[in-house]
Amino acid sequence: MKQYDIVIIGGGPAGLAAAISAKNAGVSDIMILERDESLGGILNQCIHNGFGLHTFKEELTGPEYAARFIAKAQEMEIPYKLGAMVLSVSPEKVITYMNKQEGLVQISAKAIILAMGCRERPRGALNIPGFRPAGIYSAGTAQRLMNIEGYSVGKEVVILGSGDIGLIMARRMTLEGANVKVVAELMPYSGGLKRNIVQCLNDFNIPLKLSHTVVGIDGEKRITGVTIAEVDANRQPIPGTEIHYDCDTLLLSCGLIPENELTREIGVEMNRVTSGPNVDDKLQTGVEGVFACGNVLHVHDLVDHVSSEAALAGENAAAYVLAKAETESAHKVTLKAENGVRYTVPQTIDVANMRDSVTVRFRVADIYHNRSIAVYYGDKKVMSRKKRVLAPGEMEQVLLKKDSFKDYPDITEITIRTEEA
Amino acid sequence: METKNLTCIGCPMGCALTVTIDGDEITVTGNTCTVGANYAKKEVTNPTRVVTSSVRVCGAAIARVSVKTATDIPKNKIFDCMAEIREITVNAPVSIGDVIIEDCAGTGVKVVATKNVAAK
Ligand SMILES: Cc1cc2nc3c(=O)[nH]c(=O)nc-3n(C[C@H](O)[C@H](O)[C@H](O)COP(=O)(O)OP(=O)(O)OC[C@H]3O[C@@H](n4cnc5c(N)ncnc54)[C@H](O)[C@@H]3O)c2cc1C
Ligand code: SF4
Chain A
1 MKQYDIVIIG GGPAGLAAAI SAKNAGVSDI MILERDESLG GILNQCIHNG
51 FGLHTFKEEL TGPEYAARFI AKAQEMEIPY KLGAMVLSVS PEKVITYMNK
101 QEGLVQISAK AIILAMGCRE RPRGALNIPG FRPAGIYSAG TAQRLMNIEG
151 YSVGKEVVIL GSGDIGLIMA RRMTLEGANV KVVAELMPYS GGLKRNIVQC
201 LNDFNIPLKL SHTVVGIDGE KRITGVTIAE VDANRQPIPG TEIHYDCDTL
251 LLSCGLIPEN ELTREIGVEM NRVTSGPNVD DKLQTGVEGV FACGNVLHVH
301 DLVDHVSSEA ALAGENAAAY VLAKAETESA HKVTLKAENG VRYTVPQTID
351 VANMRDSVTV RFRVADIYHN RSIAVYYGDK KVMSRKKRVL APGEMEQVLL
401 KKDSFKDYPD ITEITIRTEE A
Chain B
1 METKNLTCIG CPMGCALTVT IDGDEITVTG NTCTVGANYA KKEVTNPTRV
51 VTSSVRVCGA AIARVSVKTA TDIPKNKIFD CMAEIREITV NAPVSIGDVI
101 IEDCAGTGVK VVATKNVAAK
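Protein chains in written order, with this note's numbering: chain A, 1 to 421; chain B, 1 to 120.
Among the hints, a few may not be true.
Listed next, with one range per pair, are the computed distances between beta-carbon atoms [as the list claims (entries may be wrong)]:
| id | chain 1 | residue 1 | chain 2 | residue 2 | range |
| --- | --- | --- | --- | --- | --- |
| 1 | B | Asn46 | A | Pro133 | 41 to 51 Å |
| 2 | A | Glu288 | B | Cys33 | 40 to 50 Å |
| 3 | B | Glu84 | A | Glu58 | 19 to 29 Å |
| 4 | A | Asp36 | B | Asn5 | 18 to 28 Å |
| 5 | B | Cys11 | A | Asn339 | 34 to 44 Å |
| 6 | A | Glu288 | B | Asn5 | 49 to 59 Å |
| 7 | B | Cys11 | A | Glu288 | 34 to 44 Å |
Straight-line Cα separation of at most 25 Å, BS3-like style, residue types lysine-lysine; simulated pairs [claimed, not checked]:
| id | chain 1 | residue 1 | chain 2 | residue 2 |
| --- | --- | --- | --- | --- |
| 8 | A | Lys155 | A | Lys2 |
| 9 | B | Lys120 | A | Lys81 |
| 10 | A | Lys57 | B | Lys4 |
| 11 | B | Lys110 | A | Lys181 |
| 12 | A | Lys100 | B | Lys120 |
| 13 | A | Lys57 | B | Lys110 |
| 14 | A | Lys221 | A | Lys336 |
| 15 | B | Lys77 | A | Lys181 |
| 16 | A | Lys81 | A | Lys57 |
| 17 | B | Lys120 | A | Lys209 |
| 18 | A | Lys155 | B | Lys120 |
| 19 | A | Lys93 | A | Lys23 |
| 20 | A | Lys57 | B | Lys120 |
| 21 | A | Lys386 | A | Lys332 |
| 22 | B | Lys75 | B | Lys110 |
| 23 | B | Lys41 | A | Lys72 |
| 24 | B | Lys41 | A | Lys181 |
| 25 | A | Lys57 | B | Lys75 |
| 26 | B | Lys77 | A | Lys155 |
Derived list of chain A stretches under chain B, where covered just means 3 residues or more per stretch with a C-beta under 8 Å from a C-beta of chain B [what the hints assert, rightly or not]:
| id | region |
| --- | --- |
| 27 | 33-47 |
| 28 | 140-154 |
| 29 | 199-206 |
| 30 | 258-269 |
Bear in mind the hints are in silico, worked out from the structure with no lab data behind them.
Everything numeric in this text was worked out from a predicted model, so none of it was measured.
Ideal Cβ placement from N, Cα and C applies to all residues, glycine included.
Extracted from the complex, chain A is given alone in its bound form (with noise of 0.2 Å):
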């Protein structure tokens, strides 16, 4: 069986971003597994613009910041297999992978990084009895449809759930000459960003209604209309609120689920409410030598925020490798996530063994206005930073520092939570 130092699963940004910087760290042995038939993961159908103002300091489109990365890899001669398909990994690292030239093949790695990325929400958030007749796609799929493989996809439109790819994607159906009717959200207040809801919808005069959702669908064998209805504060639907659309699609945009069948496979322990495995702050899950980062780990908004994670895993896997990192933790502090703070990434820090600084990223439960967000070592609030908005759909951070945990030698937790300012 042949042998690889790191093996990275998935060639999107983050697997990408990873393996520049495994390499630059000195592990040449590398080798990406990508299913697709290109490099780039979901950027290649991401063709608006927006990506990369914090790495780049310019706007790029989807494709263009992915072929950097892409440029860079192959100028730097890290290899990949494309239209290889990852089917299982084992807590040994053994991988295997299928792909037409080789068919089936085992191979081994020192150490893994998880790149797979996320998939879409499937169907099951349409919880309504009745026909599912054609023209109902989710937005993803649309997106590939469309700008991929050429697709006109529909005509007139209504799209469910206002996250990001809904909301891009009402606006690329509407320049398609689409007459995108409506976007219904469930929740009081969209998950996209502010900025796709002002160019995406306000430019093109179209409505989004909060707090209602799809509680009809007509036709047999195509759409042809759906019934939406508002919401009562249960998330059921209020009789006598309901408003109907004749339209021949239906676009579902219910959020995003990190793609981890393999990795649950391999029995590292999983985080309930992010989907993805838990780490420390070496990005490494509970099985040692094996890295996770960008979607797979938690859901992103900022492509740039997927590049500088996927860049750490990709230096920590390499550190591994070369044997320079200490692998008996010596001091481990758990990260509690506590009102109004759902998550952290990661969810471990080990004080002893860490470098001068780790990201702790996380997002919010709901819209908050005028609070702070406060980090405590122990009891001991160590940090206050107050925040005039917070929204569930914007990843927040916040830097910890090596020194600060200086005066508290023996912490076992670390809390970040919402605080009224």
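Please arrange chain B with the ligands on chain A, whose structure you already have, making use of the hints.
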């Protein structure tokens, strides 16, 4: 005198802006910082957008190559620009930055490719 309501996209605050236009006099309220004021002024005097789309590509493994306007164009030209983009077919190979349309909808702005597409 005319008033318009806008949402600032400068940061996640998303301040609700009210713009009052009185001849040459433009006043902005509701903004928390100057970014909001500048944004609102631009939006009511000269709103612009970068348009992104895709065009047919022949002789490649994929059916479409993505494109964008090289810089932002006036907002009211978006649909004219799209009408021209929709008519275009290109042949692979295509490289990022290749000019697809020299002057889109009389804006003087180029439409360029945003994806590398190899010939099959
Ligand atoms: C529709 C949409 C719009 C977005 N808009 C923006 C934006 O405007 N600005 C911004 O900054 N960010 C945006 N993002 C976010 C950003 O693009 C993503 O966070 C980023 O692409 C995630 O990178 P990734 O590498 O983790 O995942 P992906 O890009 O999904 O890459 C994962 C890769 O792993 C491969 N893979 C999965 N399973 C296997 C397997 N078993 N074997 C082999 N390969 C496998 C997949 O084929 C894929 O290529 C958007 C995301 C989406 C989905
Ligand atoms: S006005 Fe300032 S604070 Fe308000 S949304 Fe715009 S940039 Fe943010």
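The hints, checked one at a time:
no.: 1; hint: Asn46(B) x Pro133(A): 41 to 51 Å; verdict: 45 Å, holds
no.: 2; hint: Glu288(A) x Cys33(B): 40 to 50 Å; verdict: 47 Å, holds
no.: 3; hint: Glu84(B) x Glu58(A): 19 to 29 Å; verdict: 25 Å, holds
no.: 4; hint: Asp36(A) x Asn5(B): 18 to 28 Å; verdict: 43 Å, violated
no.: 5; hint: Cys11(B) x Asn339(A): 34 to 44 Å; verdict: 24 Å, violated
no.: 6; hint: Glu288(A) x Asn5(B): 49 to 59 Å; verdict: 56 Å, holds
no.: 7; hint: Cys11(B) x Glu288(A): 34 to 44 Å; verdict: 41 Å, holds
no.: 8; hint: Lys155(A) x Lys2(A); verdict: 51 Å, violated
no.: 9; hint: Lys120(B) x Lys81(A); verdict: 18 Å, holds
no.: 10; hint: Lys57(A) x Lys4(B); verdict: 31 Å, violated
no.: 11; hint: Lys110(B) x Lys181(A); verdict: 31 Å, violated
no.: 12; hint: Lys100(A) x Lys120(B); verdict: 18 Å, holds
no.: 13; hint: Lys57(A) x Lys110(B); verdict: 22 Å, holds
no.: 14; hint: Lys221(A) x Lys336(A); verdict: 50 Å, violated
no.: 15; hint: Lys77(B) x Lys181(A); verdict: 22 Å, holds
no.: 16; hint: Lys81(A) x Lys57(A); verdict: 31 Å, violated
no.: 17; hint: Lys120(B) x Lys209(A); verdict: 45 Å, violated
no.: 18; hint: Lys155(A) x Lys120(B); verdict: 32 Å, violated
no.: 19; hint: Lys93(A) x Lys23(A); verdict: 20 Å, holds
no.: 20; hint: Lys57(A) x Lys120(B); verdict: 34 Å, violated
no.: 21; hint: Lys386(A) x Lys332(A); verdict: 28 Å, violated
no.: 22; hint: Lys75(B) x Lys110(B); verdict: 15 Å, holds
no.: 23; hint: Lys41(B) x Lys72(A); verdict: 40 Å, violated
no.: 24; hint: Lys41(B) x Lys181(A); verdict: 29 Å, violated
no.: 25; hint: Lys57(A) x Lys75(B); verdict: 23 Å, holds
no.: 26; hint: Lys77(B) x Lys155(A); verdict: 22 Å, holds
no.: 27; hint: 33-47; verdict: holds (count 3)
no.: 28; hint: 140-154; verdict: holds (count 5)
no.: 29; hint: 199-206; verdict: holds (count 3)
no.: 30; hint: 258-269; verdict: violated (count 0)
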